[in-house]
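Trainee: Listed below, chain by chain, are the residues.
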Amino acid sequence: MQRHVSLYGLTFSLPLLIWQLLFFVFPLAFLVALSFWTVKNFAMRPDFDTVNWVTMFSRPVFWQAYGTTFALAGGAALLTSVLAFPCSYAIAFKLSDTARRWAVFLMVIPFFTSYLVRVYSWQIFLSDNGIFNVMLGWIGLGPFGMLNTVGATMVGYLTLSFPLVVLLQLFSLVFIDRTLIEAAHNMRCGRLRTVFEVVIPSARVGLTIAALFCFILTFGDFVSPVYLGGGDPTTLSILITDTTKSGQQWPRAAVIALTMIATLLVVAFLAVRFAYKGRSK
Amino acid sequence: MSQISGQELNRNRVVDWALMVYIVLAYAFVFAPIAASFVFSFNSDRFPSIPLGDFSLEWYRAVAADPLVWQGLTNTLVIGVVVGVVSTALGFGAAYTDYRYKFMGKQVYLALALLPPTIPVIILGLAMLAYLSRIDLSGRAISVIISHVVVCAPFAMAIIRLRLSQMDPALEPAAWNLGASEWATMRHVIIPFTKPAIFGALFITMAVSFDEFAVAWFVSGLNETLPVKVLGFLQGQVSPRINAIGTFVFVTSMTLVILAQILLSGRTAAPRSSTVDKE
Chain A
1 MQRHVSLYGL TFSLPLLIWQ LLFFVFPLAF LVALSFWTVK NFAMRPDFDT
51 VNWVTMFSRP VFWQAYGTTF ALAGGAALLT SVLAFPCSYA IAFKLSDTAR
101 RWAVFLMVIP FFTSYLVRVY SWQIFLSDNG IFNVMLGWIG LGPFGMLNTV
151 GATMVGYLTL SFPLVVLLQL FSLVFIDRTL IEAAHNMRCG RLRTVFEVVI
201 PSARVGLTIA ALFCFILTFG DFVSPVYLGG GDPTTLSILI TDTTKSGQQW
251 PRAAVIALTM IATLLVVAFL AVRFAYKGRS K
Chain B
1 MSQISGQELN RNRVVDWALM VYIVLAYAFV FAPIAASFVF SFNSDRFPSI
51 PLGDFSLEWY RAVAADPLVW QGLTNTLVIG VVVGVVSTAL GFGAAYTDYR
101 YKFMGKQVYL ALALLPPTIP VIILGLAMLA YLSRIDLSGR AISVIISHVV
151 VCAPFAMAII RLRLSQMDPA LEPAAWNLGA SEWATMRHVI IPFTKPAIFG
201 ALFITMAVSF DEFAVAWFVS GLNETLPVKV LGFLQGQVSP RINAIGTFVF
251 VTSMTLVILA QILLSGRTAA PRSSTVDKE
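First to last, the sequence lines map onto chains A and B.
First residue of the first sequence: 1, per UniProt numbering; consecutive thereafter.
First residue of the second sequence: 1, per UniProt numbering; consecutive thereafter.
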């Protein structure tokens, strides 16, 4: 480890620093400035006016969208975690090493398929004449209106986050000390009780982080709420795209974006604190 | 005692069986949309459902006949390659910096290097659009490249950093002691050792850029990439052309990922790394 600054060292460390300052930090900082600009006659003007904040925060539509988005993302984090857990648990404890490696490899594949294409594919399953309704028709049920519902949005959210949540949960489960589980069994701790009192507490960090990532992903996603949920109820991400793409109301979109970032920071902080609570002993 | 363990074994089998079924269902859920997109890309019906229509390549033909799709594909490929090279170079530098140096503010440096993928793409897209149009760089291919590098460089850094941590820390000082300059050591020791990770990072970042649609949608203007084109298809009249494009993109991305996987699994790795793996 050397201390002094050398041309050699800077050649490797500076490019990324400069790039991320110029094209990551500055854009986000500019977003803050932009939220105080004003719009007159469809043209933005540099200004320092809180009008955008006041306008957005006094609109019931905004708070409704906020509540909806928060509830949907929270629901998705919970649902995905609960649905993913038995899967990660089984992969971690019931599969052979070879099978586990294959399971992980298969779970990585979805990351390299287009999310848009998968959402379109779900439309084929869920639409009124879609695969599910045809199959239900065979046993004399339906058709049910499945597309453009909150349930369909959830299917989209699961498509987006399920593989990631499984991988993150799995990562913490495989590192659990197996002797702890054997000890619990030896002391006649029931199977389910072992899961809840030994496995889940031991993997708490990973499980919380997994749920947090699911929350972050779904909180900002606009594809599922629009193309599976039908755009109703409105989420913050829909509000941002509408505000940005129609007209020059970028400063208001900036207000929404900053509110989202603030929310995510608070949630992330609370989640990390919960994850590591009482772990420093 | 043996009776109890026998019962437990029995119960075990039921639980295990149920869990196996659950795994299969979970993978079915994950792969259903991917498989359906593949199957329906060869299906003649305009509104795809079951029972399947005839086998047909008409969606591929429709896609191939659309000049905008070709333009989107060209944009995507050019952007992907440039993003891959730039992100990997930047990521390599950051990974090496983290591996070798300690300095004040390193935490901040690492946060900058790793944080961008956790910012929702829609917010990043808006910020990029506002900022880049301010400095007159929006609506071009370069705008997409700039934004994608921001998102992709952290992946490259993580992959290469992982490889560097498998290297014997004494290797670099040993080369210096033998009289090699820092630059020569970089060229003859560090880069050869990290080569599989460098190519792995190159392919992974290309694949990420290849699929990214949200930021690209905000900043690309008329220079649409293929995923932005797909978003356009979704917004307009729904058409199975999406399946044809999706299948094509899937095959391309998977080729990149499998190439990366082969490189990263380290067939070219030095014997030293295999001993590290075992530890």
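Derived by calculation from the structure, the hints in this document are not laboratory data.
Treat the hints with care, as some may be off.
As the list claims (entries may be wrong) - Covered by chain A, according to a simulated footprint, are these stretches of chain B (three or more residues, beta-carbon under 8 Å):
# : region
1 : 16-23
2 : 65-76
3 : 86-95
4 : 169-178
5 : 189-197
6 : 243-252
What the hints assert, rightly or not - Anything over 10 Å on all C-beta distances counts as not near chain B; from chain A, calculated:
#  : residue
7  : Arg-45
8  : Phe-70
9  : Arg-118
10 : Ala-275
Said to hold, decoys possible - Over the 12 Å line for every Cβ pair with chain B, so calculated as not near, a few chain A residues:
#  : residue
11 : Thr-11
12 : Asp-49
13 : Gly-75
Note that CB positions come from ideal geometry on N, CA and C, so glycine has one too.
Trainee: The structure should be examined with respect to each hint, and the outcome stated for every one.
Mentor: Right, here's what the structure says about each hint:
Using a Cβ-Cβ cut-off of 8 Å, 5 residues of the region 16-23 of chain B lie near chain A, which meets the minimum of three, so the contact claim holds. Judged by the Cβ-Cβ criterion of 8 Å, the region 65-76 of chain B is not covered by chain A as claimed, because only 0 of its residues qualify and three are needed. A stretch counts as covered by a chain when three or more of its residues have a beta carbon under 8 Å from one of that chain; for the region 86-95 of chain B and chain A the count is 6, and the coverage holds. Residues of the region 169-178 of chain B lying with their CB closer than 8 Å to a CB of chain A number 0, which falls below the three-residue condition for coverage.
Proximity of the region 189-197 of chain B to chain A, defined as three or more residues with a beta carbon under 8 Å from a beta carbon of that chain, is not established by the 0 residues found. Taking a C-beta to C-beta cut-off of 8 Å, the region 243-252 of chain B contributes 5 residues in contact with chain A, enough for the three needed, and the coverage statement holds. A:Arg-45, annotated as away from the interface, keeps every beta carbon of chain B farther than 10 Å; the closest lies near 13 Å. The beta carbon of A:Phe-70 sits about 14 Å from the closest Cβ of chain B, which is more than 10 Å, so the claim that it is off the interface holds.
Listed as a non-interface residue, A:Arg-118 fails to keep its Cβ farther than 10 Å from every Cβ of chain B; the least gap is roughly 4 Å. With a closest Cβ-Cβ approach of about 15 Å to chain B, A:Ala-275 is found to remain outside the 10 Å limit, as its non-interface label requires. Non-interface call for A:Thr-11 relative to chain B: violated, since the shortest CB-CB distance, roughly 7 Å, does not exceed 12 Å. Every CB of chain B lies more than 12 Å from the CB of A:Asp-49, the least distance being 17 Å, so the non-interface label holds.
In this structure A:Gly-75 is separated from chain B by more than 12 Å, as the shortest Cβ-Cβ distance comes to about 17 Å.
In this structure, the earlier hints numbered 2, 4, 5, 9, 11 are contradicted, and the remaining ones agree with it.
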